[in-house]
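Given two chains presented individually in distinct reference frames, assemble the corresponding complex, making use of the accompanying hints.
Chains as they are written, first to last, in my numbering: chain A, 669 to 900; chain B, 2 to 257.
Rather than coming from a laboratory, the hints here were simulated on the basis of the structure.
Careful: at least some of the hints might be erroneous.
Result set (SDA-like, lysine to any residue): computed pairs, CA atoms no more than 20 Å apart in a straight line [unchecked claim]:
#, chain 1, residue 1, chain 2, residue 2
1, B, Lys-214, A, Val-803
2, B, Lys-204, A, Gly-741
3, B, Lys-214, A, Ser-871
4, A, Lys-710, B, Leu-217
5, B, Lys-13, A, Asn-883
6, B, Lys-214, A, Glu-740
7, B, Lys-204, A, Gly-855
8, B, Lys-17, A, Ser-872
9, A, Lys-864, B, Asp-208
10, A, Lys-710, B, Ile-215
11, A, Lys-859, B, Asp-114
12, B, Lys-204, A, Val-721
13, A, Lys-864, B, Thr-202
14, A, Lys-859, B, Ile-215
15, B, Lys-210, A, Glu-867
16, B, Lys-214, A, Ser-872
17, A, Lys-859, B, Phe-39
18, A, Lys-864, B, Asp-200
19, A, Lys-859, B, Leu-188
No experiment lies behind these values; they were computed from the predicted model shown.
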Amino acid sequence: MAKKKLLQQTARKLVTFTNPRSFVAEQFRTLRTNITFLSPDKDVRTMVVTSAVPSEGKSTTSANLAVTFAQEGKKVILVDGDMRKPTTHYTFNIKNTTGLSNVLTKQSTAEKTIRSTVVDRLDVLTSGPIPPNPVELLSSKSMDVLIQQLTDMYDLVIFDAPPVLSVTDGQIIANKCDGTILVINSGHTEKDMAVKAKEAIESSNSRIIGAVLNNFEISKDNGYYQYYGHTE
Amino acid sequence: MEEAISLREFFKTIRKRLSLIILLTFLAIIITGIISYFVLTPVYQMSTEILVNQSPAETGQLTDLNIQTDLQLIKTYSGIIKSPIILDQVMNEMNLAMTTDELAEKITVSNADQSQIMNISVQDEDSKVAMEIANTTANVFKNNIMDLMNVDNVTILSPAVLKGNPVAVFPNPVLNMAIATVVGLMLGVVIAFLLEYLDTTMKDQEDIKDILKIPLLGVISPIVEKAEIVEIEKMTFKRKGVIVDGQEKASPADST
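Bound conformation, chain B alone (with noise of 0.2 Å):
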């Protein structure tokens, strides 16, 4: 019996800040739609995927081992791929003004299911750029594994292009926005509550049985602005018949 009182007040509470619950969440979804849209620059993702494979003139047939020694190699490829040593020389053919460091933020290494394939991922504000490192990183890659690993297994299967229209991968608008109704709609039920929580007005007839513990008799309805006026041409006003007043004769209505 409790709970479905409290029940009721919850919806009550929600049902009478309904419109404030619904601007809130209006708000959120288009402060994040113009925030997504208008400020924040998207940023661009390029990729290119790398096989990684020993290559049959050393060891003669494709074995398990073998697969499994390249899954490993893989692992520790990623880790030469952000290492200085690759990207300082991407640096210096790219001429890219920025620390190593920035750089690798901007490369994920990235292994699908367990295959033998690398996916080299950059993720710049410039497509053009994203693409760029993307692909040199994979050269440069390519280039110096022979000297690092002495091994000859890296062929670029796919080099990151340039298609005509790039979607941005981030910022993502639609799923921005979608975070921001929850939030928004989140936001307005506790503010809601809060407000309910806060209000320390005597509200309905609950409230006079409740606190002030004297009978209740009757509630007046806010009269309504939209009065007829028509009956005011009646309210005349005369003095008391009976009395007769020298002083004051002149009907009080008539010199206002």
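Here chain A stands alone, though its shape is the one from the complex (with noise of 0.2 Å):
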């Protein structure tokens, strides 16, 4: 019972693979086109998805944007940078046994870890065993040996990272990355939180692509965005 939960509550998030004709995998590709276009000088290789306080939908958005990169024709490779409370594994059905903890630690190697997942050309690296000292690991040596590594085997490198305003993990990775993308959710984000959040991507110096905004309703009148919806 609870894995035919756990399953349908997975089909539900990777909408953009278990859907690809939905209204919201559209929208997942009009997120994917606007990042492009946003970056048109610096080709963006690696990018870290945060929010500013937990449960906003960050790995959701970010397993879905992999998802779209993936179908575009990228070799994308998913991290799931949150150590301390990681869903990724969750949302492709992956054991967490090893992953980034592990090759943080060097007890295994990124090869060894990573994980094929039904997408084509989607990989998936979890977090690993939750290690007592995530920020250390994140900010050592071997994270950015890691980061090139993965650089090198990938078109695009995806973090799923904690939210900034509680811990600094999201900060650090963010200060590794090319860009950040800042998940908003709508009705739920508290103004204030929002905009220490982007001071705090903005404080680790890095680069805020945009925003996101999550869980957001379009009224029922907005001709324009119902167009397509139509196959949901």
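Encoded structure:
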């Protein structure tokens, strides 16, 4: 019973894969296009998805974004940088026995820990066992090495990071990446929290690509947005 | 232009909280209805009409002056009716257990359109008691006016009669509920705007543009619950083909 529920949830979250013609999948494609167009000069190879406070939809957004980029033809890897409350392995229904924490502590190599997914061209690096010192691990030299290695192997590296206002992990990852995407949960994220999160990212010397407005209810009378949503 | 936008915001807020406004309005109507019909004790009104007129025997003819005098008199009479002299006697006759003031509050003396007709209206929770008070007061007044004013010019036109099914004058449920509708509606609108004002969360594209001042990459609608789980069967995972790892040969999907 519990397993079945989990699977359903997985399917729900990975909408770009399970239902690529849906309205939400279309929105993720728009998101992909905008990210591409917003960085015409500098090719963003590593990006981090974060938010101000927990449960705003970071993992769902990053997973679907990774799927969308993979569907476009890019070789993508999704790294679960949240070593405190990892979720990516649930989304892709993978075991989280080894992962990022093992690679960073040199217990394993990236090649051994990276897993392929059902989505073509999309690989996943789960968080691994929860370490006592995620901040030290993320700011370590081996993190830089890993990012370099992943950049060589893939066209695009997407990090799923913890919320920036809760822990510094997000800022550390953002500092090492080309760009940061801030997820805003419509109707839940407090305005001052969002501003603080933006300042936190900026203070980490990271480039904010932009914001994603998650859980946004598009009003019925907005015909323009509704046009493509019929297949759902 | 500024006003046009705020007007639009106004309707947007109203529409967003429309269910709340309607709910509050209906709640107000229902509560008022229940209170009006079941909680409040209905009050009945009975009235006796009295004609004030100089007896023709004294003056011989009806003149304007006489009528003027009568109208002046009516004002005096109103005072007399509600005075303890009359009311104490009414209470004695009816054995009412209340103070003079309480009884005075139940009685209203009016005179319609400057006419010579006085109207003694009595309100009471019991329509029969109201009727009796009205009639007794009128009688006591008629009997006493001779001694007090030394005139005999009061005639009882129509005594109060108890009809089959008297209608309560208070409460007026329909009026109350109409008031409740307006009050509920206004309360709803005020609360809607209060909620809007107190809500400090990020809402839409404009918030990201105005508050965060960073590009909006896209909006994602809530992912609907009725996701198709057909594809889930295909979601089996394998280790990357190139790498062979003896320790974890089993497919992760199988072992979960």
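Structure-based check of each hint:
{"no.": "1", "hint": "B/Lys-214 x A/Val-803", "verdict": "violated, 29 Å"}
{"no.": "2", "hint": "B/Lys-204 x A/Gly-741", "verdict": "violated, 33 Å"}
{"no.": "3", "hint": "B/Lys-214 x A/Ser-871", "verdict": "holds, 16 Å"}
{"no.": "4", "hint": "A/Lys-710 x B/Leu-217", "verdict": "holds, 19 Å"}
{"no.": "5", "hint": "B/Lys-13 x A/Asn-883", "verdict": "holds, 19 Å"}
{"no.": "6", "hint": "B/Lys-214 x A/Glu-740", "verdict": "violated, 29 Å"}
{"no.": "7", "hint": "B/Lys-204 x A/Gly-855", "verdict": "holds, 5 Å"}
{"no.": "8", "hint": "B/Lys-17 x A/Ser-872", "verdict": "violated, 39 Å"}
{"no.": "9", "hint": "A/Lys-864 x B/Asp-208", "verdict": "holds, 14 Å"}
{"no.": "10", "hint": "A/Lys-710 x B/Ile-215", "verdict": "holds, 18 Å"}
{"no.": "11", "hint": "A/Lys-859 x B/Asp-114", "verdict": "violated, 66 Å"}
{"no.": "12", "hint": "B/Lys-204 x A/Val-721", "verdict": "holds, 16 Å"}
{"no.": "13", "hint": "A/Lys-864 x B/Thr-202", "verdict": "holds, 13 Å"}
{"no.": "14", "hint": "A/Lys-859 x B/Ile-215", "verdict": "holds, 14 Å"}
{"no.": "15", "hint": "B/Lys-210 x A/Glu-867", "verdict": "holds, 15 Å"}
{"no.": "16", "hint": "B/Lys-214 x A/Ser-872", "verdict": "holds, 18 Å"}
{"no.": "17", "hint": "A/Lys-859 x B/Phe-39", "verdict": "violated, 48 Å"}
{"no.": "18", "hint": "A/Lys-864 x B/Asp-200", "verdict": "holds, 18 Å"}
{"no.": "19", "hint": "A/Lys-859 x B/Leu-188", "verdict": "violated, 27 Å"}
Checked against the numbered hints above, the structure violates hints 1, 2, 6, 8, 11, 17 and 19; every other hint is satisfied.
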